[in-house]
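K.L.:
Starting from the known structure of chain A, arrange chain B on it as the hints suggest.
Spelled out from the first residue to the last, the chains are:
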Amino acid sequence: MSVLQLMKGRRNRLLVTSRAALSDWLNEDAPVFGYLLKVLLASLLAMWLSLRFELDQPRTAMLTVAIVMQSRSGMVFAKSYYRLLGTLVGIVVSLILVALFAQERVLFLLSMALWIGLCTAGSMVYRNHQSYGFVLAGYTLCIVGLPAAISPELTFNIAVTRISEILIGLICATMVSDLVFPQRIWDAIQTKVRQRFSDFSDLLRTTAQSSASTKSSKQVLLRFIGDIYSLESFRASAIMENDGAKHNRLRISEMNNEFMAVATTFHALEELLRRQRNTGHPEVGAALINMYRQLSEALTLDGKSAHNEQEAALVTKQLTAFRSTFTQNLTVYRMQLPQEMSDHEFLDFETGAELLQRLADELHAYAVTYSSVNYSEHKSATEEMVAPPKLEMHFDPVAVALAGVRGTLTLGIMTALWLLTDWRSGIEAITIGVITSTLFATSPSPNQTIKQFMIGAIIGTILAYICNFHLLTQAQGFLMLALAVTPTILFASWLTTKPSIAVVGSGIFIVFLMHIGFNSAYNANPVTFINDAIADLLAVLVSGVMYGLIDISSSAWSRRRIASSLRGLIVSACRSPLLMKRVHLENAAFDLVQRAGSAQRVAQEQDRLVIDWLLSTLEIGHAVIALRELKPEINHPYFSELLLTSLEAIAALYETPTETLRMKALKSIENVIENLATDISTDIAMPEAAHQLRRQALSMLHFIHSALLDEESVLVAKEKN
Amino acid sequence: MPREIALLDALVPTLLFGFLAASCGSLIIDWLLTRYQLYRFIWYPALFRLAAFGCMFALSGLWIY
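In order, the protein sequences belong to chains A and B.
No gaps in the numbering here: position 333 of the first sequence is 502 in the numbering used here, and each next residue is one more.
No gaps in the numbering here: position 45 of the second sequence is 51 in the numbering used here, and each next residue is one more.
Chain A on its own, in the form it takes in the complex:
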């Protein structure tokens, strides 16, 4: 009996563990398997169709599949769409160039270089798939234009074949990813949005508890920046996925904007608390921390953060309660402060309270939007929403121009080699060179990316050799052909699922498929193969060298440039005749940093400069904008003039951060504070609303003042270096 029970127990335990293993497998490995299956299915389908239609180069169709395939259906649609657009534009331009300069090779190559430079620059300006479309419009010129220029009578055929092959590839890829185990991008958005809210609540809570501002909270904040943009790109792709996703598009974008505001205010508050701890009156710090804890409690449900929309709705209620009692609480805390404190220390408290209130308001707005997102696919009619401001493009024109120059130069070097040495594989080399030197321009660290691509290219060449001269020679019929190419496709697409080495996978794909030894029939030739392989590797090497020479993302120079454009944002926030919107400032600052790729490399010491400037910009910028918003509402005889001079001083400081300018700015802000404070205390007959406005302005001024005074800020650190 007991033996039987023992066995039963063991079996149960076994069942439990195996069930856990199964669910693990379903969650983590099954999607990868599904994805591999999809890639294989789509590329074999594309191969079969193009062989069936007797197109010249089935490999183009397969390459297209390999390039556009991604795990989420919406991303596949978006990328396909832009690949199609890019190809069409590239082909039209090739036709025009061939028609104009087919006999004049120098002119032809010059205009080609110009076009490629322009396209690369375009790809730096736009994001994600649009950027890819630009790259494609550029390098299609190499693929179609160059062979066409050599034999102009075939131009039209080459163009039509290219379009047909790409279309077949796109159709196969989109069809397979829509039909076979579709992975909706909408689910990814949902996970991301939920996770962001709960992560942010966690962050608020941990900072309230530990009350020690750390580097880690900076890193979390930066991860959020990355999230803002990945969410934006998901959102853009979700439009292509029809059902359900459309309804909440605007809401997601509005939530993104609100989240930026919350993150900035949170950072400002955190800095204020840190300064308070280091230099302020301990009572003030304690009171502020207590109030902050109450806020973080309002975000908490049973000691946990909200994980879905229903819980967020509860959090919204708690936040509403917090806001309604805020003024009362504030008065209580104010009464408890020791009376012998200086005016300055009272101001510290008021400033902290003002920031807390802002944070609570913004959090409330964010939580309301979040809880109103409805994920069910079939929604009853949505109320019309005003479109929130879009994420705009902010970039460094010099960096963009340099990227264009890099593409052009690579083309120039490769064509010079081709023309001077009468190289047989010249076209091959030019094509790969241009592809690699333009495609990775937007990656956060092109140098790393191109190294990975090089490794992929080498592996791809070896695999192509084995496939061409050992497998394909023995293959008969479509089935054997499919068997011969399957291992590489599976291997390369498996690599692309691992983010850290994804580029190796795409390198294998591109090189392998470019060298695969069959068109309509088997036609591999070892001599041509080795020539082309050498050309490819050489081309990748050249573009690697170009990335090293024209390094616009990780050199000290580019970092200084980004830092100064961040400071420029403050300057224009202070000086521009039109009031800058806060969303605009945040968006511009985040975008600049995001494009430079610094957000992904926070850990590195050199990028700290950029990050510190980003945070300083956000901190001061939000206060400056708040002040300028308050300015017209305060009717005070000379307040606006005083404010203008101090804004001007801040602008001058951010233009060239030096110690003397810092002192000057501090002095002028002190002047305004004094004036405003005496105005508040003397004019008793003032209505309550006006009083309130003045106090707000005062606390913002005080905030800027203490931020500038902070000895640990980047403004001071700059002096020491």
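Hints may contain errors.
[To be verified] Far from chain A by the CB rule (all over 12 Å, computed), these chain B residues:
#1 P8
#2 I11
#3 A16
#4 T20
#5 G24
#6 Y50
#7 P51
#8 A52
#9 F59
#10 C61
#11 M62
#12 A64
#13 S66
#14 L68
#15 I70
[Claimed, not checked] The following residues of chain A were derived to be distant from chain B, with all beta-carbon distances above 12 Å:
#16 V329
#17 T343
#18 M344
#19 S346
#20 D347
#21 L348
#22 V349
#23 R374
#24 Y398
#25 G449
#26 V501
#27 M504
#28 A725
#29 I849
[Said to hold, decoys possible] Restraint-style ranges between C-beta atoms, simulated for each label pair:
#30 B:L53 to A:E798: 50 to 56 Å
#31 A:Y295 to B:I35: 28 to 34 Å
#32 B:Y50 to A:N326: 38 to 44 Å
#33 A:A268 to B:P19: 37 to 43 Å
#34 B:L53 to A:P695: 27 to 33 Å
Everything labelled a hint here was simulated from the structure, so no lab data went into it.
Ideal placement from N, C-alpha and C gives every residue a C-beta, glycine not left out.
P.N.:
Just chain B, lined up with the frame of chain A:
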């Protein structure tokens, strides 16, 4: 129906126009179904879209040949 049409002096298969028309048709159907939330009644929208497209394209093929 002619099997090929001269488009700017390039001979294009008439079926291509059938393909384009079928794509437009399926886009319209898709829009209508999303607009009136009729996808509720469909088990697998993606498959339905493909099938609808296939039907229209096949019809145009039958009509041409």
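K.L.:
Give a verdict on every hint.
P.N.:
Structure-based check of all given hints:
no., hint, verdict
1, P8, "holds (19 Å)"
2, I11, "holds (15 Å)"
3, A16, "violated (7 Å)"
4, T20, "holds (16 Å)"
5, G24, "holds (15 Å)"
6, Y50, "violated (8 Å)"
7, P51, "violated (6 Å)"
8, A52, "violated (4 Å)"
9, F59, "violated (10 Å)"
10, C61, "holds (15 Å)"
11, M62, "holds (15 Å)"
12, A64, "holds (16 Å)"
13, S66, "holds (17 Å)"
14, L68, "holds (20 Å)"
15, I70, "holds (18 Å)"
16, V329, "violated (8 Å)"
17, T343, "violated (10 Å)"
18, M344, "violated (7 Å)"
19, S346, "violated (9 Å)"
20, D347, "violated (4 Å)"
21, L348, "violated (5 Å)"
22, V349, "violated (9 Å)"
23, R374, "holds (40 Å)"
24, Y398, "holds (27 Å)"
25, G449, "holds (57 Å)"
26, V501, "holds (52 Å)"
27, M504, "holds (57 Å)"
28, A725, "holds (50 Å)"
29, I849, "holds (57 Å)"
30, B:L53 to A:E798: 50 to 56 Å, "holds (53 Å)"
31, A:Y295 to B:I35: 28 to 34 Å, "holds (31 Å)"
32, B:Y50 to A:N326: 38 to 44 Å, "holds (40 Å)"
33, A:A268 to B:P19: 37 to 43 Å, "violated (25 Å)"
34, B:L53 to A:P695: 27 to 33 Å, "violated (46 Å)"
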